Amino acid sequence: MLKRLFFVSVLFLITLPTAQAQLPDFTALVEDVSPAVVKINTVSRGSKVEVPQLPEGQIPDIFRDFFEQRQRQQKSRPARSMGSGFVISEDGYILTNHHVIENADEIQVLFADRQEYVASVVGSDRRSDLALLKIKGDNLPTLEFAPSDSLKVGAWVLAIGSPFGLDYSVTAGIVSAIGRSIPTPKGENYVPFIQTDVAINPGNSGGPLFDLEGRVVGINSQIYSRSGGSIGLSFAIPASVAIEVIEQLKTNGQVQRGWLGVAIQDVNKSLAESLQLGTPQGALINAVEPNSPAEKGGIKPGDVIVRFNGQAIIESGDLPHVVGMMTPGDAAKVEIFREGKRKKLTMKVGSLDSDRLGMAESSDGTDRLGLMVEPVEGSELRTLRLRGGVSVTRVSPDSAGAEAMLRAGDIIVQLGYSRIDDFDEYNQVIAELPTDTPVAIRFYRQGRAIFRTIEITE
297 MLKRLFFVSV
307 LFLITLPTAQ
317 AQLPDFTALV
327 EDVSPAVVKI
337 NTVSRGSKVE
347 VPQLPEGQIP
357 DIFRDFFEQR
367 QRQQKSRPAR
377 SMGSGFVISE
387 DGYILTNHHV
397 IENADEIQVL
407 FADRQEYVAS
417 VVGSDRRSDL
427 ALLKIKGDNL
437 PTLEFAPSDS
447 LKVGAWVLAI
457 GSPFGLDYSV
467 TAGIVSAIGR
477 SIPTPKGENY
487 VPFIQTDVAI
497 NPGNSGGPLF
507 DLEGRVVGIN
517 SQIYSRSGGS
527 IGLSFAIPAS
537 VAIEVIEQLK
547 TNGQVQRGWL
557 GVAIQDVNKS
567 LAESLQLGTP
577 QGALINAVEP
587 NSPAEKGGIK
597 PGDVIVRFNG
607 QAIIESGDLP
617 HVVGMMTPGD
627 AAKVEIFREG
637 KRKKLTMKVG
647 SLDSDRLGMA
657 ESSDGTDRLG
667 LMVEPVEGSE
677 LRTLRLRGGV
687 SVTRVSPDSA
697 GAEAMLRAGD
707 IIVQLGYSRI
717 DDFDEYNQVI
727 AELPTDTPVA
737 IRFYRQGRAI
747 FRTIEITE
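Numbering-wise (the numbering used here), the sequence shown opens with residue 297 and increments by one.
Quick caveat, the hints were computed from the structure, so don't treat them as lab data.
Predicted, not measured: the structure shown is a model, and the values here were computed from it.
Treat the hints loosely; a few may be bogus.
Said to hold, decoys possible - With a cut-off of at most 27 Å between alpha-carbon atoms, the simulated DSS-like pairs for lysine-lysine come out as follows:
1) K596 / K629
2) K596 / K639
3) K592 / K546
4) K565 / K637
5) K546 / K596
As the list claims (entries may be wrong) - Distance windows between CB atoms, simulated:
6) S385 / R634: 41 to 49 Å
7) E569 / G674: 21 to 29 Å
8) I539 / E327: 45 to 53 Å
9) D463 / Q607: 52 to 60 Å
10) Y713 / K639: 49 to 57 Å
11) Q724 / P320: 50 to 58 Å
12) A451 / Q550: 17 to 25 Å
13) R690 / K592: 26 to 34 Å
Just so it is clear, CB atoms sit at the ideal spot from N, CA and C, and this is done for glycine as well.
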C-alpha cells in the first residue's frame, strides 16, 4: 500500500510541471501591445437634470420658495462615460465602439504613459458598432490586425481595456464560438461576432482582443449579463469587419452596405423535410419587399437561399453578414431551393441607406413591425365572421409590435386605411408604412375587435 501511494505521489510531481508549462505566458505580449491601447473619456452636454415636482398642496408654504427656486434653476449636467480603444496608424487614427462616443461633445484619449489628446470623429457606424477617431500625433505605437482566417474556436485570446475605470486591465480566455448572430432590437444583424469567455465589463468596450502573437482579432463590443457584470459571455467584432469599416469611414465618413430587401428565418428539421432540403440549412425567405433587389432578382417567399456570392449559408444569420459586406451595385450569384429543386440566380445588390424605409434582413424572421405572421385558417375566419386577416405568431421584444402590445394569436385585419385580407396584402402594406408616424392598427383578440396605434421608429 505504501509503495502504491509513493508511486502516485511521484507521478503527480512529474506530470504537474508539464501541464503548467503548456499554459501561455502573456507577460511579453502585454508589454509589447499595451502602449497602443487607450482609454477614452467622453462628455455629453445634452442631458438635463429634472427636479421632481410635488403635487399642489403637498409642499408646506415655508418650503415652497425653495422648491420653486430649484425648479427655475434646472441646469444641464454633463453626462460622462468611458470606454477603450487602440491606435491603428502612427499618425493618430484610433478605433473604438460607436456606442462609446455616440452623442459625445468632447472626446479625450489617454495613453498608458499619461499622454492626453483631444479626439475628433472621422466617422461612426451604428450597425457595426465601430467608430474611427483622429488625434494629432506622430510616430504613435500601433497594433496590427490578424488575418481573417487565423482565428479558431478554442484558441487563447487576451483583452486589454479599462473596465469600471480600472485602467489597462488585462483578462484572458478562449474563443467559444465564431460567427455568432446577435440581432439588434431593430432586427439588424450585420456582424458575425466572436464569442469568448474573456472577462469583459463596462469600460472594456472598444478595446482590442488579441491572439497569442499580439495581433488584433476583434474589438470588444458586448456582453451577455443579467447583472451588468461579466458572466463569461462576451462578444467581439471580427477584425475582418473592422478593416472594411475603417476603409469606408476614412473615405466617406460612413459605411455603405449591400441590401436585398427580404425577411428571413432559420430552417428547422420539419421545414427541411417539407421543402425537400435533406438537412436543415439556409435562409428561408418569408417576405420580399416590393421593388427590392431580391424581387427584381427573382427571389420569392418560400425560397431557401443556401449559397450567396460563393459562400455557404448554413444558418439564416449568415445571409445578412455576407450581403452587408458587399458593395452596393455588385452582382451576386445566388443558389436557392424552390419546390424541391436547386436553382441558380444572378442579382444586383442594393444599398442599405441609413434612412431606408424597407425591411432589412432579419435573422429572427420578424418584419418591420417586429412581427412574424401567418395566414388564418378558413375555419377560424368563419368562426369570427371575418373576411380575411393574418395571425401573429411572434412578437420581437422592443419592436413596434411590442410597443403596441400585440400578442401571439392576435389577428390583424387593418393597418392605417388598408384592409388586410391575406399574407400578400399585409406584406405590401407594411413595406409602405412611414417611419416615426403613428398609424391605426385593428386586430381581433379572443373574438374581440381592438383598435390601437403602431409606430415604426428609426
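*asked:* Tell me if the straight-line CA distance from K546 to K596 falls inside 27 Å.
replied: 37 Å, violated
Holds or violated: are the alpha carbons of K596 and K639 at most 27 Å from each other? This hinted pair holds, its Cα atoms lying about 12 Å apart.
(message) Between the beta carbons of S385 and R634, is the distance compatible with 41 to 49 Å?
(response) 48 Å, holds
Margin query: Taking the Cβ atom of A451 and the Cβ atom of Q550, is their distance within the range 17 to 25 Å?
Written below: At 33 Å between Cβs, range violated.
**Message:** Taking 21 to 29 Å as the stated bounds, is the beta-carbon spacing between E569 and G674 within them?
**Reply:** 25 Å, holds
*Could you say whether the range 49 to 57 Å given as a hint is met by the Cβ separation of Y713 and K639?*
38 Å, violated
| message | Holds or violated: K592 and K546, Cα atoms, limit 27 Å. | response | 32 Å, violated
Quick one: are D463 and Q607 within 52 to 60 Å, going by C-beta?
40 Å Cβ-Cβ, so the 52 to 60 Å window is violated.
query = For the pair R690 and K592, does the Cβ-Cβ distance stay inside 26 to 34 Å?
reply = Holds, at about 28 Å.
Notebook entry, point to check: Is the hinted range of 45 to 53 Å satisfied by the C-beta distance from I539 to E327?
Noted result: Once the Cβ atoms are compared, 26 Å apart, the range 45 to 53 Å for E327 and I539 is violated.
Q | Range agreement (Cβ of P320 with Cβ of Q724, hint 50 to 58 Å) | A | At 57 Å between Cβs, range holds.
Checklist entry - Between K565 and K637, is the straight-line Cα distance small enough, at 27 Å or below? => result The hint holds at about 18 Å.
Going through the hint list in order, the structure does not satisfy hints 3, 5, 8, 9, 10 and 12.
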